[in-house]
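All chains should be modelled from the sequences, with the hints used to inform the complete structure.
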Amino acid sequence: MNDDPRAEIRATVTAIVDRRGEDRTGRAWKELSEGGFHLIGVPEEAGGSGGGLGELSVVVDVAAFHAVPVPVAETAFLAGWLLARAGLSVPAGMTVASLDEAIGHRQDGVLRLSGRLRVPWARHAGHVVTMVRCAEENLVAVIPGDAGVDLVTAENLAGEPRDLLVLDGVAAAASAAAPPGLDAAALLRRGALARSVQLAAAARAVLVSARRHVTEREQFGRPLARFQAVQQHLAALAAQVTAMQVSAQAAVAAVEHGDADAAVAVAAAKATTSAGARQVAAIGHQLHGALGYSSEHHLGAVTTRLWAWREEFGNESHWHDHLAAALHDRAWWPLLTGDAG
Amino acid sequence: MNDDPRAEIRATVTAIVDRRGEDRTGRAWKELSEGGFHLIGVPEEAGGSGGGLGELSVVVDVAAFHAVPVPVAETAFLAGWLLARAGLSVPAGMTVASLDEAIGHRQDGVLRLSGRLRVPWARHAGHVVTMVRCAEENLVAVIPGDAGVDLVTAENLAGEPRDLLVLDGVAAAASAAAPPGLDAAALLRRGALARSVQLAAAARAVLVSARRHVTEREQFGRPLARFQAVQQHLAALAAQVTAMQVSAQAAVAAVEHGDADAAVAVAAAKATTSAGARQVAAIGHQLHGALGYSSEHHLGAVTTRLWAWREEFGNESHWHDHLAAALHDRAWWPLLTGDAG
Amino acid sequence: MTTSIHLPPHRLGEAARRLRDDVRSFLDGELAAGTFVPRCDAWMSVADPAFSRRLGARGWIGMTLPSAYGGHDRSPLERFVVTEELLAAGAPVAAHWIADRQMAPSILRHGSPAQRERYLPAIARGECSFAIGMSEPDAGSDLASVRTRARQVDGGWEITGTKVWTTGAHFAHAIVVLARTDGSPADRHAGLSQFIVDLPAPGVEIRPIRTIDGEHHVNEVIFEAAVVAEDSLLGERGAGWRQVTAELAHERSGPERYMSTVPLLRAWAEHVRQQGDASAERELGGLTARAWTLRQMSLSVAAALAEGRPPEIAAALVKDLGSRFEADVVETVRRLAGIEPRKNGPGLDGLLAEAILHSPAFTLRGGSNEILRSVVARGLGVR
Amino acid sequence: MTTSIHLPPHRLGEAARRLRDDVRSFLDGELAAGTFVPRCDAWMSVADPAFSRRLGARGWIGMTLPSAYGGHDRSPLERFVVTEELLAAGAPVAAHWIADRQMAPSILRHGSPAQRERYLPAIARGECSFAIGMSEPDAGSDLASVRTRARQVDGGWEITGTKVWTTGAHFAHAIVVLARTDGSPADRHAGLSQFIVDLPAPGVEIRPIRTIDGEHHVNEVIFEAAVVAEDSLLGERGAGWRQVTAELAHERSGPERYMSTVPLLRAWAEHVRQQGDASAERELGGLTARAWTLRQMSLSVAAALAEGRPPEIAAALVKDLGSRFEADVVETVRRLAGIEPRKNGPGLDGLLAEAILHSPAFTLRGGSNEILRSVVARGLGVR
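Chains as they are written, first to last, in the UniProt record's numbering: chain A, 1 to 341; chain B, 1 to 341; chain C, 1 to 383; chain D, 1 to 383.
Heads up, simulated DMTMM-like pairs for lysine to aspartate or glutamate below, C-alpha to C-alpha not over 25 angstroms straight-line:
{"#": "1", "chain 1": "A", "residue 1": "K30", "chain 2": "A", "residue 2": "D18"}
{"#": "2", "chain 1": "C", "residue 1": "K343", "chain 2": "C", "residue 2": "E215"}
{"#": "3", "chain 1": "D", "residue 1": "K343", "chain 2": "B", "residue 2": "D163"}
{"#": "4", "chain 1": "D", "residue 1": "K343", "chain 2": "B", "residue 2": "D150"}
If we take Cβ atoms under 7 angstroms as the criterion, some of the chain B residues that face chain A in the derived model are:
{"#": "5", "residue": "Q228"}
{"#": "6", "residue": "A229"}
{"#": "7", "residue": "Q232"}
Honestly, the hints are just simulated from the structure, not real lab data.
From the three backbone atoms N, C-alpha and C, an ideal C-beta is built for every residue, glycine too.
Listed below in structure tokens is the structure:
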């Protein structure tokens, strides 16, 4: 992430999200979408902003680092990707993706959708993209947000919207056949990659905050950073954060380059970042003391995200099982090195 | 363990085993058996030395604390107990127990035994006690050590004998019907209780040694005990050791008093002591540095025992499964408090 | 104190079993009547004054106090049985918990006859909630870093300063404040004294501090030249630190130091029983073994208290292990249950959300694990 | 160096893949011929000079050395591929490991032309084993606490002192000794110098130290007024500590810092595949994820070396995580495999016994985890 375009994106997005004040979220989202950052990594011919997965990861990373609640992972990483893969165009406004498949049936040439779909950010979205099972076909379809569907609101531990859409024969606004390989497992993997990047970024935010806290604060008459136990905690935190960052970045690179073993990389990265979240949050809170447990401190915004995101798109148990299943067909060491063996 | 007879036993056994010099083991065993300590807790009418499980635990604890390789757990805890339960008398000399059941058949009124039996210390034993499956009967039988059986020697990680006896129709020297409830599970539980006491004692030895080491040694120009990280390690070690001790002692008390939930206590104690062994050995070695890794240092004698004993008579996975199975029939909290619910 | 921590196991007798049965019957009745739902960490965060009064009426608060002060002359071990049953049930006990656990023994020991008369019977009836004003802004774990001052004035004391993270001050009937009466901050432990201040009081402002779960359990309590009566001094002038340290041993010694997440564990055990997942079963067995051992340790600490042996080191050690256990329960359930935690969720998801959001507090309150380990190291003679 | 450790991922190319295939073919051939069996920690403890010579003949030792000194002008990343394949196979590489890893770069950088000529080609052929005399009795982790002295005498240096825990000194062709040439122990880092001493040598006694596994891998090396030639000084007089520190970064940076127990893990993976125990499968998946991440980190460190960026902090951090992983592999296998470890056992039991008995060394060698964490904390600017 050191080449120039990415550094520029990082700087621009940081300037947008790293602000305090009224309606921080609304303003950040407005500026991000005006700048096209909510659809980065989605090809321009599909209505996206162009750029690759590396650029997209930078945007998601910065937003997660600053714990600003904007759905860039949901719009660009998931919805835009689904639409582009299916050859559909991204509608104007906020378009997010369903985590579940809808059931479709055709009636008088109209595709009608039913089902209970978990759709993060649905309450704010203009459109929802979903995978559809229709007779023997796999489709991708767009549901207009104002189609009179039932919406049950809910939030994750960080207070981010995790809504439920209840569809009962809603007409799709657009649809197309899903290309081969685009299935529920592929969607889950895509989401897992996004959350890996976000978890690593949130973990980095904990480290930065903890480092600042222990150098600025005193206890028993000397800076916290002078206590050996504090130093040891901080070093363990840095090790865990670095592991999370390397795994997420390596998985992004593997997917970006279309590596044959990209699926293993994503599984390992989501497992590493999900499993690391606990220690990072625990050390972060331990080093910040009671102060970090107040809702007024920034720390809680990132630790609650660590706790929420680690469960989303499969926690480490899910991906451990996935890796174990992959070992049924491949020997251990070649799986690790990404070779045929 | 503060009442007087136990304190006296502790002092006497300590004096016997806490010595250096030539043939330390042989001399310790000779004096222990001359004093009847190898059959303490076994009723006098069965040829034992009398006393209860509490007294027996003291002997086993002291021997384990000093890492002196004598089979008190095998003679008194297991062999003597098996014989007494079956109404048989303990033969003279060293009598140890088989971990496996033999297959018996009667021929001309003689009970003949076959099978591959794991028998710790068999190479040194005058007699071996084993449970026997004979047609529909469960028996306890005595095999003379000189009966011409095949013996395959092996050792555990601490170098203690873990031999294999191969029997092919050997005549039993004595036998009796096993009373109800005396089965393979009961023998395993009895061994688990013995090893729990031993693991806790070995853990205590690590703590004592580590405490001495860090107060006596200097590094970077000051005593190791002055480093905060060292203090924190030592405190974590003390916590783990105390947990192991309390669990083993509570299990001994539960079995001694014939509590209804003694089986839960033993399962929990063996799980706690087996699971704790890792951290105790790891912190012990970390605090002793390279010195403790030399075979000349006392530390290795106790840590290798921790590593060996935790696997014997079921490691923590075994006993965790056992507790989980108990929860099929009982609610969680009543299981913990030992009440009907 | 040279080899290991002496903590012999204790066995509860038949009387304890009968008492336990009584408490369980009571709790079953309350659950059946729907007066509460089991919650994690309820002893810190779920206060129900009516529930506390019902417990008081049954003689289950102030159990170890003398009957002369409305207590019940029972042993710390009988109190242990009641305490662990309430915790295992996740019952709403926060309205009386601090008063019963810390302030009752402290007032009995250090209080004037008038203070005993005034507070102890009310505590035992479950009608008097206490808060403890200890931590101050920017002090972190350094509890001796006290800047609040109490100045002797005509007819009493004038208190000025700020306390933070004060649990339950918003519903407490009184707060105990540690303040400097003599010397300067450089004297640290010396010159500190304790005061009991009835609430509400003029010059005392109580502001909510919301924690990361969005809830209001703790407060900032600001004393602006608040004047209290002469006899609100608790115990000896200048002996405040010694009194507080003894309270801390009480604070650390109870079964709540490993049981905060037991309601979650019990709910998960039911979930596992229905699921039949071998991997989850094994880990449930592992947590069960740890809980069994912690309970035995906690029982030993109670027995030490009952025999008048000060359990400071052992209590610190049990809390260190216990708070790790509490957090590991949360971690194991979340890793294996395969559900996403959800605030106010109706079942395991709600219990899990609450427990996760409270988890930083397990190791922060009652002394961080570093502080506890220092106490243990000192007990081993290495400092 | 203010936010986190910069460690961008590196992707190996097609050439690396071909090299890897070559190494695997070679190792398959050796395994088929029965020249070795996979062993844990083989890079520390299993020396086979003939095997090392065969590797040397293929150009897989001294890979990054210039061809002028018998090397192969290859990149640290190519060396990384060969190294990880040898470690994954548990191959007997201890005869050349230290020479190749630490001494070759050190002699290339600090050695005189004559020293380079003398040692580098022999190292690259796999014919020269090195030992490193660093630790001293009673010094613990304090490597700068050096009491060994080198005194300039007629025609050379006279060395007196004792080194302990010296791996492979009993078969090494030379030992590098850190000794005080100037100043006093109070000067600590200043006044230390390095010497290369060919072995065996008069006045140098090598005594075995048996470790708790009963094996002889390390030694006590006693110098009793051993006289060595003038030109045995390595590098600059008085710069020994700086030179050693640079070596330590090399020592800590390789994949052996997480791979010592990979042969056990591979054997267990086969065992699990046959068993089909869901609980074991999940934990195997967990160790696999951690190994994958550690490999990516280790690869990033190699890439940093290749670009000439000093990887000191990152290497310390990877070793800290890596040594925990090595120990967790052992713990997981023992907990789940359901077999008792047995010294010299024929299968998993033997690998497990060896790994358990070596496990204290994982976190002791190359710097304890406390030391490593201090290095990391310093790198974060907090010390």
